[in-house]
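Visitor: Read off the chains here:
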Amino acid sequence: GESVGLHLPTLSVQEGDNSIINCAYSNSASDYFIWYKQESGKGPQFIIDIRSNMDKRQGQRVTVLLNKTVKHLSLQIAATQPGDSAVYFCAENTGTASKLTFGTGTRLQVTL
Amino acid sequence: EPEVTQTPSHQVTQMGQEVILRCVPISNHLYFYWYRQILGQKVEFLVSFYNNEISEKSEIFDDQFSVERPDGSNFTLKIRSTKLEDSAMYFCASSEAQSMGRGLKFFGPGTRLTVL
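As you go down the protein sequences, you meet chains A and B in turn.
The C-terminal residue of the first sequence carries number 112 in our numbering, and the numbering is unbroken.
The C-terminal residue of the second sequence carries number 116 in our numbering, and the numbering is unbroken.
Careful, some of the hints might be misleading.
[What the hints assert, rightly or not] Residues from chain A shown here face chain B by an in silico Cβ test under 7 Å; the list is partial:
no., residue
1, Gln14
2, Tyr25
3, Asn27
4, Gly43
5, Ala79
6, Lys99
[Claimed, not checked] EDC-like mimics (lysine to aspartate or glutamate), calculated; alpha carbons at most 20 Å apart, straight line:
no., chain 1, residue 1, chain 2, residue 2
7, A, Lys56, A, Glu15
8, B, Lys42, A, Asp17
9, B, Lys105, A, Asp17
10, B, Lys105, A, Asp31
11, B, Lys57, A, Asp84
12, B, Lys42, A, Glu39
13, B, Lys105, A, Glu15
14, A, Lys42, B, Glu1
15, B, Lys42, B, Glu1
16, A, Lys42, B, Glu44
For the record, the hints were derived by calculation from the structure and aren't laboratory data.
Cβ atoms here follow ideal geometry from the backbone N, Cα and C, with glycine treated the same way.
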């Protein structure tokens, strides 16, 4: 599951710092969002989700913020660790559709 | 923890050949999906499947593609006549309930298809 992507935006953070990964979505009708982590050679791994009736949701070390006004989603990772290095995708879903529409992805690099 | 498995991990084929990608979804799941990811690009939805029929498909999923649940455990994606542009990672996923695509937590590790 590589997203080698010469064109992938990259976020470089130091171990222990907080990371913020952003995602702009396009469909104003989308009402459910997921953040996935993808490590090299693996499939997408579910991190956290949020419904459009919320603007914030917290998990373990992660927080997702949703701003429907500007169609923006962010993933905050607290105390970033080397194991957090991966490509992160947001995905959106609309109404009764079964499909997820994925964003482009951001590569997170954690430096020691 | 339960997991979705896929075989083979890497498939190399000649243009025009048929390929079948195999997936074993999680045993109590009823909804199955195929997604693909061309190198360096987004993950793209191909098809969802429930109760032995396609629930939804994308424009990519043309008549060269088909899916099947041949038995109680496998879920396959067939490409009848592969093209160069079919080269990608193909991910299978499954869920307990369609939930309109919500909470899709279980993706397989992928099959890398290379068409020469």
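Visitor: Each hint needs a verdict: does it hold in this structure or not?
Guide: Comparing the hints with the structure gives:
1. Gln14: violated (27 Å)
2. Tyr25: Violated. Min distance 12 Å.
3. Asn27: violated (13 Å)
4. Gly43: This hint holds: A/Gly43 lies near chain B, its Cβ roughly 4 Å from the closest one there, short of 7 Å.
5. Ala79: Cβ of A/Ala79 sits 24 Å from chain B, so the hint is violated.
6. Lys99: Hint holds; A/Lys99 Cβ to chain B Cβ min 4 Å, cut 7 Å.
7. A/Lys56 to A/Glu15: violated (24 Å)
8. B/Lys42 to A/Asp17: Violated: B/Lys42 and A/Asp17 sit about 27 Å apart, past 20 Å.
9. B/Lys105 to A/Asp17: violated (27 Å)
10. B/Lys105 to A/Asp31: Holds, at roughly 17 Å.
11. B/Lys57 to A/Asp84: Not OK: B/Lys57 and A/Asp84 at ~33 Å, beyond 20 Å, violated.
12. B/Lys42 to A/Glu39: Satisfied, since the Cα-Cα distance of roughly 14 Å is no more than 20 Å.
13. B/Lys105 to A/Glu15: violated (27 Å)
14. A/Lys42 to B/Glu1: Given pair A/Lys42, B/Glu1 holds - Cα atoms ~16 Å apart, limit 20 Å.
15. B/Lys42 to B/Glu1: Given that 20 Å is the threshold and the Cα spacing comes to 27 Å, the pair is violated.
16. A/Lys42 to B/Glu44: With Cα atoms ~16 Å apart, A/Lys42 and B/Glu44 stay inside 20 Å; holds.
Hint check: violations occur at hints 1, 2, 3, 5, 7, 8, 9, 11, 13 and 15; the rest are consistent with the structure.
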